[in-house]
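J.: If you're matching them up, the sequences are chains A and B in order.
Going by numbering that gives the first Met the number 0, 43 is the number at position 44 of the first sequence; the sequence numbering is gapless.
Going by numbering that gives the first Met the number 0, 135 is the number at position 136 of the second sequence; the sequence numbering is gapless.
A hint or two may mislead.
Here are the simulated lysine-lysine pairs, DSS-like style, with alpha carbons at most 25 Å apart [to be verified]:
| no. | chain 1 | residue 1 | chain 2 | residue 2 |
| --- | --- | --- | --- | --- |
| 1 | B | 52 | A | 54 |
| 2 | B | 107 | A | 28 |
| 3 | A | 28 | B | 52 |
| 4 | A | 28 | B | 157 |
| 5 | B | 57 | B | 42 |
| 6 | B | 52 | B | 74 |
| 7 | B | 52 | B | 42 |
| 8 | B | 157 | B | 107 |
| 9 | B | 74 | A | 54 |
| 10 | A | 54 | B | 57 |
Under 8 Å between C-beta atoms, here's a sample of chain B residues computed to sit facing chain A [claimed, not checked]:
| no. | residue |
| --- | --- |
| 11 | 16 |
| 12 | 24 |
| 13 | 37 |
| 14 | 105 |
| 15 | 107 |
| 16 | 153 |
| 17 | 154 |
| 18 | 156 |
Simulated restraints on C-beta separations [said to hold, decoys possible]:
| no. | chain 1 | residue 1 | chain 2 | residue 2 | range |
| --- | --- | --- | --- | --- | --- |
| 19 | B | 72 | A | 21 | 33 to 41 Å |
| 20 | B | 47 | A | 45 | 17 to 25 Å |
| 21 | A | 24 | B | 47 | 34 to 42 Å |
| 22 | B | 46 | A | 43 | 30 to 38 Å |
| 23 | A | 58 | B | 142 | 41 to 49 Å |
| 24 | A | 20 | B | 129 | 12 to 20 Å |
| 25 | B | 107 | A | 21 | 35 to 43 Å |
| 26 | A | 20 | B | 140 | 21 to 29 Å |
| 27 | B | 111 | A | 51 | 35 to 43 Å |
| 28 | B | 55 | A | 52 | 21 to 29 Å |
No lab work stands behind these hints: they were computed from the structure.
A virtual CB, placed ideally from N, CA and C, is assigned to each residue, including glycine.
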Amino acid sequence: MGAGSASKQGEISTTQTQLPAELQGQIGKRLREAYNELVSEPVPDRFVQLLRQLKQREDQGRGGKT
Amino acid sequence: MTQPADDLQTLLIGAVPNLRAFANSLCGDPTRADDLVQDTLVKAWTNLESFEKGSNLKAWLFTILRNTYFSELRKRRREVEDADNALAERMSILPDQHIHMDLIDFKKAFGTLSDDQKEVLLLVGAEGFSYEEAAEITGAAVGTVKSRVNRARVALTKALGLESGEDFTSNPEFMGLVRLGQTAVRS
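Only chain A is shown next, with the shape it has when bound in the complex:
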């Protein structure tokens, strides 16, 4: 990790600032905190209903054939 890992894509990394690992870790941690907060929101009922409807429509379509 670190020193050698980015050297393979010279054309990409040479013109860029590569963040120190510690900062990358901090950014990643905050990003996941913010994101996981959204992930942990309960699933609204409309999505359960929607999938039930899709399934029903499919079952009816299949029932018509047999």
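Following the hints, put chain B in place on chain A, whose structure we already have.
T.: Chain B only, in chain A's frame:
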């Protein structure tokens, strides 16, 4: 044989929390985010034959969602600016009152990123997709994804005021700026 629709139903419902989080972070409008998720579920259900068995269902769903989002965005060019402004708002207005100040700052900083940067940072940094998977989802080259992720991280760091100058001394571009600054001071 017919496909096990019960399982598919369960799998799709299981993916909803992550799809919603991704859509919300990307578009910044909860109502629109849920519409995006709904479109994604319907498209996934009706185009199941185009899903390669054994490949990553979640990656496939994320691909559908981001493609839907970006094609809508192209159609509604004029609304782009409004959407961008809403992004920062959505990321900063959350019902939870226990959020640490750091997190609020972070959400504001995140809102300043470009859509391209947000997308890859969410996929790689938040969802844990590999660079290769993120490249496949976004239709970009792996090198492009890596470079976008890196630029997004740098932009976030700057927006948060986290950078510590000494860490950038190995960067020729930065040192160039420093030298420019020194010249300016001297003259």
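J.: Take the hints in turn and mark each one as holding or not.
T.: These are the hints, each one checked on the structure:
no. : hint                      : result
1   : 52/B to 54/A              : 19 Å, holds
2   : 107/B to 28/A             : 16 Å, holds
3   : 28/A to 52/B              : 33 Å, violated
4   : 28/A to 157/B             : 16 Å, holds
5   : 57/B to 42/B              : 14 Å, holds
6   : 52/B to 74/B              : 32 Å, violated
7   : 52/B to 42/B              : 17 Å, holds
8   : 157/B to 107/B            : 12 Å, holds
9   : 74/B to 54/A              : 31 Å, violated
10  : 54/A to 57/B              : 19 Å, holds
11  : 16                        : 5 Å, holds
12  : 24                        : 7 Å, holds
13  : 37                        : 6 Å, holds
14  : 105                       : 4 Å, holds
15  : 107                       : 11 Å, violated
16  : 153                       : 5 Å, holds
17  : 154                       : 10 Å, violated
18  : 156                       : 6 Å, holds
19  : 72/B to 21/A: 33 to 41 Å  : 35 Å, holds
20  : 47/B to 45/A: 17 to 25 Å  : 21 Å, holds
21  : 24/A to 47/B: 34 to 42 Å  : 39 Å, holds
22  : 46/B to 43/A: 30 to 38 Å  : 23 Å, violated
23  : 58/A to 142/B: 41 to 49 Å : 46 Å, holds
24  : 20/A to 129/B: 12 to 20 Å : 18 Å, holds
25  : 107/B to 21/A: 35 to 43 Å : 22 Å, violated
26  : 20/A to 140/B: 21 to 29 Å : 25 Å, holds
27  : 111/B to 51/A: 35 to 43 Å : 40 Å, holds
28  : 55/B to 52/A: 21 to 29 Å  : 26 Å, holds
Checked against the numbered hints listed earlier, the structure breaks hints 3, 6, 9, 15, 17, 22 and 25; every other hint is satisfied.
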